[in-house]
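Chains A and B, in that order, are what the protein sequence lines are.
Under the UniProt record's numbering, the residue at position 164 of the first sequence is numbered 164, and the numbers go up by one with no gaps.
Under the UniProt record's numbering, the residue at position 124 of the second sequence is numbered 124, and the numbers go up by one with no gaps.
Among the clues, some could well be false.
Copies of one chain are not kept apart here, so a pair can be met inside one copy or by any two copies together.
To be verified - Derived BS3-like pairs: lysine-lysine, alpha-carbon spacing no greater than 27 Å straight-line:
| hint | residue 1 | residue 2 |
| --- | --- | --- |
| 1 | Lys-76 | Lys-124 |
| 2 | Lys-76 | Lys-166 |
| 3 | Lys-81 | Lys-69 |
| 4 | Lys-192 | Lys-81 |
| 5 | Lys-76 | Lys-55 |
| 6 | Lys-81 | Lys-102 |
| 7 | Lys-161 | Lys-107 |
| 8 | Lys-192 | Lys-161 |
| 9 | Lys-76 | Lys-192 |
To be clear, the hints were calculated from the coordinates, so they are not data collected in a lab.
Protein chains: 2
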Amino acid sequence: MTFKYPGGKTYKTKQESELVHHFQPNYGNRGMTLEEDLNATNEYYREHGIAIIHKKPTPIQIVRVDYPKRSAAVIKEAYFKQASTTDYNGVYRGKYIDFEAKETRNKTSFPLQNFHEHQIYHMKQVLDHGAICFVILRFTTLNEIYLLDANHLLTFWERQKNGGRKSMTKQEIEQYGHYISLGYQPRIDYIKVVEKIYF
Amino acid sequence: MTFKYPGGKTYKTKQESELVHHFQPNYGNRGMTLEEDLNATNEYYREHGIAIIHKKPTPIQIVRVDYPKRSAAVIKEAYFKQASTTDYNGVYRGKYIDFEAKETRNKTSFPLQNFHEHQIYHMKQVLDHGAICFVILRFTTLNEIYLLDANHLLTFWERQKNGGRKSMTKQEIEQYGHYISLGYQPRIDYIKVVEKIYF
Chain A
1 MTFKYPGGKT
11 YKTKQESELV
21 HHFQPNYGNR
31 GMTLEEDLNA
41 TNEYYREHGI
51 AIIHKKPTPI
61 QIVRVDYPKR
71 SAAVIKEAYF
81 KQASTTDYNG
91 VYRGKYIDFE
101 AKETRNKTSF
111 PLQNFHEHQI
121 YHMKQVLDHG
131 AICFVILRFT
141 TLNEIYLLDA
151 NHLLTFWERQ
161 KNGGRKSMTK
171 QEIEQYGHYI
181 SLGYQPRIDY
191 IKVVEKIYF
Chain B
1 MTFKYPGGKT
11 YKTKQESELV
21 HHFQPNYGNR
31 GMTLEEDLNA
41 TNEYYREHGI
51 AIIHKKPTPI
61 QIVRVDYPKR
71 SAAVIKEAYF
81 KQASTTDYNG
91 VYRGKYIDFE
101 AKETRNKTSF
111 PLQNFHEHQI
121 YHMKQVLDHG
131 AICFVILRFT
141 TLNEIYLLDA
151 NHLLTFWERQ
161 KNGGRKSMTK
171 QEIEQYGHYI
181 SLGYQPRIDY
191 IKVVEKIYF
């Protein structure tokens, strides 16, 4: 949320990443994006000493910066860049955790176009190095969330590259993924699932 | 390195993103900042399957974005934010690796003001969760680089908070840290030290 003080200067009360959503379509009627729910969840995990996981800042390509006297540097021209990694990473019980989170309004399948080639490549790389890597998938309209190990995503990605379907069916996600029950605190308790399936 | 504008406010000249370097003075005669050397090193590690470590994007607070027709969204007003974590993290042999890199032109000590309270807090948190966490310290003028485990940094930080000196002496860094020899590829082979002291 942004508001203006009498001087005309704009102030911002929310996080950078949340702000960007103001300029983009919002999903569902819940008023909370998957990112907001995960940020709240990760904050809960950090505060309760459960895991230290952060969302990475949105990558920005800066073109022009002004250095006005007596005030902070102002970025006057910049562009959003495509991320070269997944959005979330951190540590749980000493292990490296890495994941991406995506949502769809579809009810019966999850389009693979939600992922980019170099995110997939990054997931392959971290898996090779012993990371715990997965995706968190929300069916916004159904309000159902699943954790799917990245190895399965890679299989579906390969299928697509070999001429197969451009999405994962909901049934496949139910079969290979793990349903995450929703709560109040934490909202999306994915570490419970991580603990169950990786430790 | 910081310098002051006529208004008296201090500006940092060292920024995380390479792009920002276009607007700011360069160091020494080497033409390479510590960040550039580490980015090249991490790229080498990724390409050779040694470790997957990335620098996080510079956190930016976005205030205004334009959406011109037929072209990409342009950020028209944004500000640099202070990072809430360290700059680098990733995975090596399944373990979570987390570090911050800083340089000084001093020759006999390393000022603790290079670190921020919440970076220190973040290091404490990840150590508690079993992470490998350290700082990479470059004495720019001497062109010497050391890896210092975050536990030692925390001790020096505590000493400062208790009224002690506001820096670590070079001697202390030599004693508790590990010298990293410089090379061509990779330029700063810190993983060699990590392998030796943590595995």
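To see whether the hints hold, each was checked on the structure:
no., hint, result
1, Lys-76 - Lys-124, "neither (37 Å within a copy, 36 Å between copies)"
2, Lys-76 - Lys-166, "neither (39 Å within a copy, 36 Å between copies)"
3, Lys-81 - Lys-69, "between (29 Å within a copy, 18 Å between copies)"
4, Lys-192 - Lys-81, "neither (33 Å within a copy, 32 Å between copies)"
5, Lys-76 - Lys-55, "both (25 Å within a copy, 24 Å between copies)"
6, Lys-81 - Lys-102, "both (18 Å within a copy, 26 Å between copies)"
7, Lys-161 - Lys-107, "within (23 Å within a copy, 55 Å between copies)"
8, Lys-192 - Lys-161, "neither (33 Å within a copy, 38 Å between copies)"
9, Lys-76 - Lys-192, "neither (43 Å within a copy, 41 Å between copies)"
The structure fails to meet hints 1, 2, 4, 8, 9 from the earlier list, while all remaining hints are met.
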